[in-house]
Every structure is written in structure tokens, then in C-alpha cells.
Amino acid sequence: MNQTATPFTQQAVEQLLYREAQLLDRHQLEQWLSLYTDDATYWVPLEMGQVDPINTSSIIYDDRTLMEIRVKQYLHPRAHARVPQHRTCHQVSNVLLAPDTGGSSTLEQHISSTLVVVEFRQERQRIWGATVEHRLRVTAEGLRIVSKRVDLVNSESDLDGIAFIF
Amino acid sequence: MSKLSPEHLRSLIQPDRVHRDVYTDPALFELEMQQLFGKAWLVLGHDSQVKQPGDYFLTEMARQPVIVARDQAGTVRVFHNRCTHRGAMVCHEPRGNVRQFTCAYHGWTFETSGELKWVPLRSGYEPQADQRLASLALPQVARVALYRGFIFASLAAQGPSLQDSLGHMLSSFDDMVDRAPDGEVEVAGGVFKHAYHGNWKLVLENHLDGVHPNYVHASSVQAAREGPDPGMNAGGAAGSEPYHDIAIRQMRQNGAPDPVWESIGVWTTTHGHGYLGDYHDDSRLVSGLDNPVHAEYHRLLTQRLGQEKARKVLAVTRWNSVIYPNCSFMGQFRQLRIVHPLAVDRSVVYTYSFRLKGAPEQMFRDTVAFSNVVNGTASWVLTDDLEVYERAQRGLAGGGTEWIYVGRGLGRDVPDSEQRLRGATGTSEVFIRNQFAAWLEYMTGESAGESTGNKAGDNA
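So the protein lines, in turn, are chains A and B. Using the working numbering, the first residue of the first sequence is number 1, and each one after it goes up by one. Using the working numbering, the first residue of the second sequence is number 1001, and each one after it goes up by one.
Looking at chain A on its own, in the form it has when it is part of the complex:
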């Protein structure tokens, strides 16, 4: 493959991930959804090294339909767990493109990164750390996210309710 022709440049990939973080921090959730493909999934596993979201519970496992319902609920005036609203700061770093796209398709690329989120609400601040896996796809509209997996370092601990998007 001609390296200069790939849409998966470090710069393009980082810009997408930063854009996602910015939309979340600005509460632009509908625009956030538009970064994802129609067959997308958003997954926050419950267990370390969890292999599937079907036979083990997950903190979040949303297909595209549930992602849309999640956004609808989050924007509802009686989403009590979001009143008052959170403020967050998503810090994305260590962005690495997997050397192999992991499949025959040159239209998809696997990205790993680390994420630190500072979340503030109701006089409480929580710090979240996670390793993140994105799968990106080239579409007619540009680069889009096919899947996002967020492995929280404390996924198996006691956790207070989570009502925002990592």
C-alpha cells in the first residue's frame, strides 16, 4: 500500500480522537454520535481482559441503537443522574496505530490509546484511567468509528453510578 495514500495518518487519527474528546467535553452528544458508523459498538467491559460482551456483563455494551437511546436519555430533562450535569475533561494520549490493520480490509484501522477523564459533579470529582481501542473505517463521509472499547483500570471495583460517556 502506498503510505502517502493511506487516510490513517497519525495526524488524521489523532485529530479524530481529539475531536471525539472535545465533543464529549462540550456535551455535543448528537455530534458525537455522528462520528460513529451505523454498525458501531461502544463497550466498557466489566472484567479485566473480558473476551465477549454477550456471556459476561459489561459496564456499558451499546450497539448503535442503544448508543442513540443513551444519548436521548442523557438529554432528557428528567435524567436525574445528569442533573446537574457533569463537567468532564477527556485527555487522550499514547495514540498508536496498530502495525497491522488486523484484517484484509485496508479500509479499517485499529488504534490504541490511553484515556484519563476528570469528571466533576455535585461537589465530587472522580479521576478515571483507561486503555482504549478504537477501530476506524474510511467512509464516504470521512473517517468514522466502528467500535470503541474502554478498559477502565478500576472496572472491577466498587463504582458509583456512571452517567456520562468515556
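No wet-lab data here; the hints were simulated from the structure. Possibly wrong hints are sitting among the right ones.
[Unchecked claim] So the derived label-pair ranges between C-beta atoms look like this:
hint: 1; chain 1: A; residue 1: 154; chain 2: B; residue 2: 1296; range: 36 to 42 angstroms
hint: 2; chain 1: B; residue 1: 1308; chain 2: A; residue 2: 31; range: 57 to 63 angstroms
hint: 3; chain 1: B; residue 1: 1308; chain 2: A; residue 2: 141; range: 55 to 61 angstroms
hint: 4; chain 1: B; residue 1: 1064; chain 2: A; residue 2: 31; range: 49 to 55 angstroms
hint: 5; chain 1: A; residue 1: 126; chain 2: B; residue 2: 1121; range: 43 to 49 angstroms
hint: 6; chain 1: B; residue 1: 1357; chain 2: A; residue 2: 98; range: 37 to 43 angstroms
hint: 7; chain 1: B; residue 1: 1283; chain 2: A; residue 2: 78; range: 24 to 30 angstroms
hint: 8; chain 1: A; residue 1: 98; chain 2: B; residue 2: 1228; range: 32 to 38 angstroms
[As the list claims (entries may be wrong)] Some chain B residues near chain A, calculated using beta-carbon distances under 10 angstroms:
hint: 9; residue: 1190
hint: 10; residue: 1197
hint: 11; residue: 1215
hint: 12; residue: 1365
hint: 13; residue: 1375
hint: 14; residue: 1378
These numbers were taken from a predicted model, which means no experiment stands behind them. Think of the CB as a built atom: it goes at the ideal place given N, C-alpha and C, for glycine as much as any other residue.
Mind docking chain B on chain A? Use the hints.
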């Protein structure tokens, strides 16, 4: 009058109201740890969590760390997780399999039966210390009992037996286990541990509360209604529904209209227990209703039980069953929660899913999807419950209004068979009055044991 005297405690619990101190006073919380969590039968887990000799898991009783283990002879035992030498926890990994428990501090080693097996530098003790050392086995919790695979323990040597304490509520455990085509259930699918800044009672009250869903869960009901209608994929076979199907169905069910909640029934029994009738009319969620997805399950269950018994098993329709003071579970939906009080205003709830052994695999996948919606830490539904518990705690912390009012249905409660008292409607607050009647019995140490469990709440 001492704040903890029986006389004062009785003044906090009145027929139609309860003083806010029971949710907020640290001294009362400490007394609860002694008198209530320190005496009652507590649900600790299920024997499928300790299948093999040497299997163990850690948990807490009244904030004390304990080990639930199956010893080499196959007996389930519950130990205080505390070395008899200098008091360190002898076991630290949350679960696993061991040949023996070895203390990290000085190497004291205990058999899985608790017996002290080895100490370092034995010659450092006088010969007459042998007897003393032999007595230093890992201490066992006073009473342990199993029922249909569920593990219970009590820190008190004296008190009603498990059978007497749970009475009619044992039928809720029967309900869960009888649904398994192989006659057994097992813990599977991960454990959610959700915490909130509120008193432990709030969750047990909420689980039998049929009024709250239309208010607390308004946002998830509405969002699910705006989602695609659940149903089969076009041309798809039963069971091939998309993953989101279960979530949308369950969230929509929470929007059942008032007449449904009024009609489902709520029952209480002695010692604070109770259960709420089920409100589901969605045949995809309830295996007792006809649906192609459940046809194979019905066949397998009928094969083992015969048609009549299988129909009887599936006809039981309970939503949450509360085992006072630390457990709430859903037989039909294969979920169990154990409530751990950490402080007067801090609690954590461990939630478990169960697999019906012998049932089609798809049923367990449905259980996992259901668990994510109902018990997930980031669930559309649970997060709003947790938020409301915290608002209750913050509201109760302030004076101004010293009492909470629990009078719905008071004077209309219906004495039922088998020591049960039924709310006049499914939205009666009989279960809160019943929980506080039991609370008062435990806290004053004046447990009648034979009462209807509701005398403080209903003088009718």
C-alpha cells in the same frame, strides 16, 4: 433517656412515620451492625462460587471480612478473615482456590477446615503452649446454613433457625432454582458492585416500591419508547433478535401505567422480608409467557418436571424478593443483589447473575443483557435509582422535617395465609412498615419471632 435505649428506639418507629435518624445517625448505624447485621441470617452467596475443595471467595458480614470456602472434605465453611496470631487478613485475593490459607505476616498456615497447621519457629514456644496453639484455629462464623445452594450465615450463635427466620420467603429461592431444567442454578456472567452515598435501607425499600418507576425512570422509559420497536428481525428465527431488544423491552416495561402497579400485589412476612408481584407483560422477557424463544426451554423443563409441575413453576410471578436485611433477588430474572453497609451514608451492592443449568444458552445471554440494563453501573435505569438514593440521604441529613411518612395503604393491609401480610394494592408501603417493625425487634433485642412482623406499622 439514652439515644440507644429500647424506649427511644421505639419512639423512632411509629405506625405511619419513621424518624430520619434511622437513616442518618452514626450511633444507630453502629448499633445496627451489632444488633441487626450482627445477628440476622445474611445471604453470602451461592455454592457454585465454591464448586471445588479449596475454592473460596471473600465477602463481609456487618463490615467484618469473612472467607467463604469449601474445605477439602467438601463442607462449605465461613471464617473470620483474621489470623489468630496477630490479626492480619489471611486471605486477600477476592476469590480463588487454595490448598491452605497462609498468613502473609508470619506464615501461620491454616487448613481449609480452619485447623492451624503450621507456625514458624515452633521451638520458640514453651511445650505447654501446644494446647493453646491447637486452639488457635481460624475462627468460624457462628452459624452457617445452605438452602437450595444459597449460602447463609449469622454472626450470632443464638437465634431463630434459617427455616424459621425465612419462613415463607424460602419459596422465592425455590422459585429461582425450580426454573432450571437441570434443577440447579449457578453464578455466572460477572459481578457489578455499585456504590452510593446513602443508607443501606434505601435500596431494600426501593426494590419493593411500585410507585417510583414512573418518576425515577421517566427518562429511560421515554428514550426506549423513542427507540425502534423490539421484535424479530425480518425473516429472522426466534432468538435472533438484535442485542438491544432486551434493553428496550425492559426499559419500556418500567413505564407500566398506575393500574398495573396497583394490581401486582406486595406481600410481607415476618422478620422484615417481602416480595413484590411482577409487572411484566412482555413475553420475550418472561419465560412463563408463551414466546418462540422460550419453546425449547419449556420443553426441557417439562421433560424434567412433567407438564403440571412445570406449569406451576412458571406460573409464579414475583419481581423482587427482599431478604431482610441484606439481599434482594429476582427469581424469574435470575438476578441477586447483596447489600453491604459501609457507613450510615455509604453502601455498596454486589449484583450477581445466575445461569439456569440445562436451559438454552440464549436464555443466559438474555440474562446478561437484562443485568446490564437493571443492575449495570452505567445503566440507563440504575443510575437514576442511585441518584435518588443520594438525594434522599442528603434531604434526610437536614432537620426541618424530622419524619418520613410511610402511610400509604396503612389500615388496609390484608392478613394472608402462611404468616403473610399483603398490601391492599401493589403500591402499599406495607413493606417499609414491615422492614421497620423487624428493625425495631432486632435493635431492641425484643424479637417476638412469631408476630406478623408488622405490628408497629399496622394496628388495624
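For which of the previously enumerated hints does the structure constitute a violation, in increasing order of number?
none
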